[in-house]
Amino acid sequence: MAVSADFLQFLFSGITVGAIYGLVGLGFAIIYNASHVINFAQGEFVMIGGMTTVSLIGLGLPLLVAVAGAILATVGIGLLFEKLAIEPARDASIVALIIITIGASILFRGAAQVIWGRNFHSLPSFSGDDPILIGGAAILPQSLWVIGGAGAIVAGLQWFFNHTLAGKAMIATSHNPLAARLVGINTRFVLMLGFGLSAMLGAAAGILIAPISLTYAGVGVMLGLKGFCAAVLGGLGKPMGAVAGGLIVGISEVMTAGYVSSAYKDAVAFIIILAVLFFLPSGLFGDRGTERV
Amino acid sequence: MTALGRPGTRGLVALAAIMAILPALLPNDFLLGVATLVGINAIVCVGLNLLIGYAGQISLGHAGFFALGAYASTILVGEFGWPPLAALVAGAVGVALLAVMIARPIMKLKGHYLAMGTLGMGVVISIVLDQEVELTGGPDGMPVDAFTLFGWEPAGEMAWYWIVSGLLLVSVWLALNLINSPIGRALRAVHGSEVAAAVAGVDVARYKVRVFVVSTVFASIAGSVFAHYSGFITPSEASFLHSIELVTMVVLGGLASIFGAVVGAAILTTLPQLLAFLHDFEMLVFGAILIGTMIFMRKGLVPTLAGLARRWRR
Amino acid sequence: MVLGLVPGRALAADPIRIGTFLSVSGGASFLGDPELKTMVMFIDRINKSGGLLGRRIDLIHYDDETRAKNAITYVKRLISQDKVDLIVGGSTTGNTMAVIKLIQKAGVPFISLAGAGVIVDPVKKWVFKTPHTDKVAVAKIFTDMKARGLSKVGLLSGSGGFDKSCRKNARALASEFGITIVADEVHGKGDTDMTPQLTRIKGTQGVQALLYCGFGAPTSIVAKNYKQLGMTIPHYQTHGSASMKFILGASGAAEGVRLPAAALLVVDQLPDDHPQKAVGTAYKAAYEARYKEPISTFGGHAYDGLLIATEAIKRAGSTDKAKVRDEIEKTNHLVGVDGIFTMSPSDHLGLNAGSFVMVEVRNDKWKLLQ
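Chains as they are written, first to last, in numbering that gives the first Met the number 0: chain L, 0 to 292; chain S, 0 to 313; chain B, 0 to 369.
Hints were generated in silico from the structure; no laboratory data involved. Since the model is a prediction, treat every value here as computed from it, not as a measurement. Heads up, some of the hints might be wrong.
[As the list claims (entries may be wrong)] Residues of chain B clear of chain S, computed beta-carbon distances all greater than 12 Å:
id: 1; residue: G26
id: 2; residue: D62
id: 3; residue: T91
id: 4; residue: V122
id: 5; residue: A138
id: 6; residue: L149
id: 7; residue: A171
id: 8; residue: M243
id: 9; residue: A277
id: 10; residue: K291
id: 11; residue: K364
[What the hints assert, rightly or not] One side of the interface only, derived from the structure: several residues of chain B facing chain S at Cβ under 7 Å:
id: 12; residue: R66
id: 13; residue: K75
id: 14; residue: R76
id: 15; residue: Q80
id: 16; residue: T92
id: 17; residue: G93
id: 18; residue: A97
id: 19; residue: K100
id: 20; residue: S158
id: 21; residue: G159
id: 22; residue: T341
Ideal Cβ placement from N, Cα and C applies to all residues, glycine included.
Here chain L stands alone, though its shape is the one from the complex:
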């Protein structure tokens, strides 16, 4: 009996953190689809979302308003970033664009240090801290918020991609940018939309997880890297793959810590990425790439 209670405990823990990795990975996938750029500042969107919420709540605003404000602020920063840093370098090599996103992540972290200082901050849990007992495992209400929130966002995105013109334009652009432009899709708008969406996803992830894990200027680094691993596992460019990837990475991490060795927990995500490269380069759901001459 004790074994399965522990297993449930680990499972919930893994799904919670996996949902966050999935959201971050989604952000990577969307921007990659729109531009073939790997946005290494994705983790910082997570950080900005959480930290801004802390500030707004500190100003006395109610939770809902603070959350909305933080998401808006992060999306704004994402769009500004796209306009000021990505667009001017549109025709640069992929390497240059990757460096720009890396520079942005450093810039965001530096700015965060100046604005919010170097300490860690906490957000109050949305509906209290009293754990809910399910099958012997103690689940935080906030975990349910994370899982539910992530699920709702993913469902919303699915609807967006399949049932709105803008969403379908994004899918089209990711398959073939030239053809998309030929049929009149404004690929520049698609790019902006991509950044805006990813910023929103990052911010949401940051806000959902902050009550559990505390937030500080550097919280985005590891989250970003692991979210990237999730996206690669899912097949870079496959949004739903990224979500699945995130869950797999999260659950594997916690199971490793629980049953194998807690010391190498962090390495799991990166060992997964190496395994993907050696055995399944296009990820779980990706298709083989074709290259033009």
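Following the hints, position chains S and B against chain L.
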């Protein structure tokens, strides 16, 4: 084309001249030490530049290879009593083997898979170095024994400066030779278009692997030298942050420009010292510089300035 | 960067140069930030009241970002370029150990603000330190546990140097105190969820108490996870958590946690005749007024470091490095905010036993345990 007329020879001579004069211009040991650090970073960057600039591949885990070289030297000398030079060579060989193992399967794929692979590798290396406390001293690091060669030991900053300068000159010379050789020409073809190169008979994957291995060996040797010079190493040498710093140096200085790599290393190694007065704003400014350079000086400092100079001369 | 204030009265031209390298950012900013603030405040006060030996003190400070490589570079800079007379710094054990070779070679008096005992054991000529060692902390914790009849301990530690040193000491000292470590879990740097490790500890047969070795954000997360899992065994942490940030970050989950800390943390609750009371109260009032945030024992270590240094310079009558070093070693019954210091050629820490007290978190505040 005579040896003097070969592209890069003039640069090599200029570099040697600068390195010879520098000690006279630097007022104290600390600045000499910074110059030595520049040299060590430059060795890594020259190798990394071959990979990014000429072979068009990006490595996000090069710091891992640097750290492996450093720890190989530290552990083999400190724990097992190996002679430092042997440990350095062993480290380089080990790293080369590791590089071949990773690169072979990955290089057959198209796209930025090497970026992901090196990212994963680099982080795993840094975690292992952190965790294996018995062997590596854990996150607090471990002290390194002095470098001795048949009883002779470098005594002080000046000695190390000359050693590192000499090594840097050798690295640059090797890199220049590589570029101007058939392998180098093949590389440039690969960078232009892999499919076209393959059609023309170039074994794309094989050349990419070779360059990758060469670049990791440069990093490993630089790491070993750094360990003995610094006297103390920590797992943070393998960190993702450090890998990013290295890539930034190469890109800032100029892709496909060996001297650009040296310039990039020089600027980014000294910048934190110059920016120290900014304290809180240091990171912010650093990020801004990175973005600004990529937007306005896309090819990097040296090629952009060289282009400007050419246009001005007309 | 140089910080020096010129007071109304003109001071002698040649300033005393005190250098410091601290982890103001990075994983140990918990420590470095209050340390720097304390040092700035301390030196300001001295300069405003006439300086030291009639000379202004210049504080030259650098942020090593909790990276040993930077610590080495900045110490070289302090010694060769800034030509400081003395160094008080090194927030973490790692960064301190990295520069010891340099310091010994250069012959500059150095007072470290880091925790591990290995810094002054074996004794090194130019190296001193002010914080309690993790070994003393562990001993104090085990003593308290024995008094409560607890002997089977579940240990959790992070991957930082302090964490690993603390864990090592816990394992080494356990049998001496009749304690058995029945579970030994580790978590990674920057981990945000320790429930897997705590679940394993909770499920260990016969475990009677939890001891967490670490500092920074993880201390609060461990407390929150402990509460989430509904754990009830006595919860101990170390002086690495001796800061309000630990309590605030845990959002109420820190209730009942016990840890050893310098008496400074509960200075208001000390009896009036306690030796630390006067100095500690003054420091607390000044720091909180100036920086509008609660004190921590880490800032206290920096205060004591500067106190020892400036008193030694006073007694030496000059900044001659060898003379100052000798005077530091002769520090006798100096009342600092974190303890009373009496050093000797074989003891470069010199803290008295009574300066470390057991405290417990009650109602989100520190309560002194008698």
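Checked hints:
Once the 12 Å rule is applied to beta carbons, G26/B is inconsistent with being away from chain S; the minimum gap is 9 Å. Non-interface call for D62/B relative to chain S: violated, since the shortest CB-CB distance, roughly 6 Å, does not exceed 12 Å. The Cβ of T91/B sits about 8 Å from the closest Cβ of chain S, inside the 12 Å cut-off, so the non-interface label is violated. Residue-level check passed: V122/B sits 17 Å from the nearest beta carbon of chain S, beyond 12 Å.
Look at A138/B: its CB is around 21 Å from the nearest CB on chain S, clear of 12 Å, so calling it non-interface holds up. Listed as a non-interface residue, L149/B keeps its Cβ farther than 12 Å from every Cβ of chain S; the least gap is roughly 27 Å. In this structure A171/B is separated from chain S by more than 12 Å, as the shortest Cβ-Cβ distance comes to about 14 Å. Chain S leaves M243/B outside its interface by the beta-carbon criterion, the shortest separation being 22 Å against a cut-off of 12 Å.
Chain S leaves A277/B outside its interface by the beta-carbon criterion, the shortest separation being 34 Å against a cut-off of 12 Å. Annotated as non-interface, K291/B keeps its C-beta farther than 12 Å from every C-beta of chain S; the closest such distance is 18 Å. For K364/B, the requirement that its beta carbon stay farther than 12 Å from each beta carbon of chain S is met, with the minimum near 31 Å. Hint on R66/B holds. Least Cβ distance to chain S is approximately 5 Å, under the 7 Å limit.
Among the interface hints, the one on K75/B holds; its C-beta lies about 5 Å from the nearest C-beta in chain S, closer than the 7 Å criterion. For R76/B, the interface hint holds, the least distance from its beta-carbon to any beta-carbon of chain S being 5 Å, beneath 7 Å. Given hint, Q80/B at the interface with chain S, holds; its Cβ is 4 Å from that chain's nearest Cβ, closer than 7 Å. Taken as an interface hint, T92/B checks out: its beta carbon lies about 6 Å from the nearest beta carbon of chain S, inside 7 Å.
A cut of 7 Å between beta carbons decides the hint on G93/B: the least distance to chain S is about 4 Å, and the hint holds. For A97/B, the interface hint holds, since its Cβ comes within 7 Å of a Cβ in chain S; the closest pair sits about 4 Å apart. Taking 7 Å as the C-beta cut-off, the interface hint given for K100/B holds, the closest approach to chain S being about 5 Å. Hint on S158/B holds. Least Cβ distance to chain S is approximately 6 Å, under the 7 Å limit.
Evaluation of the G159/B hint against chain S yields a held restraint, the C-beta minimum of about 6 Å falling below 7 Å. Contact between T341/B and chain S, as hinted, is not supported at the beta carbon level, the nearest pair being about 29 Å apart and thus beyond 7 Å.
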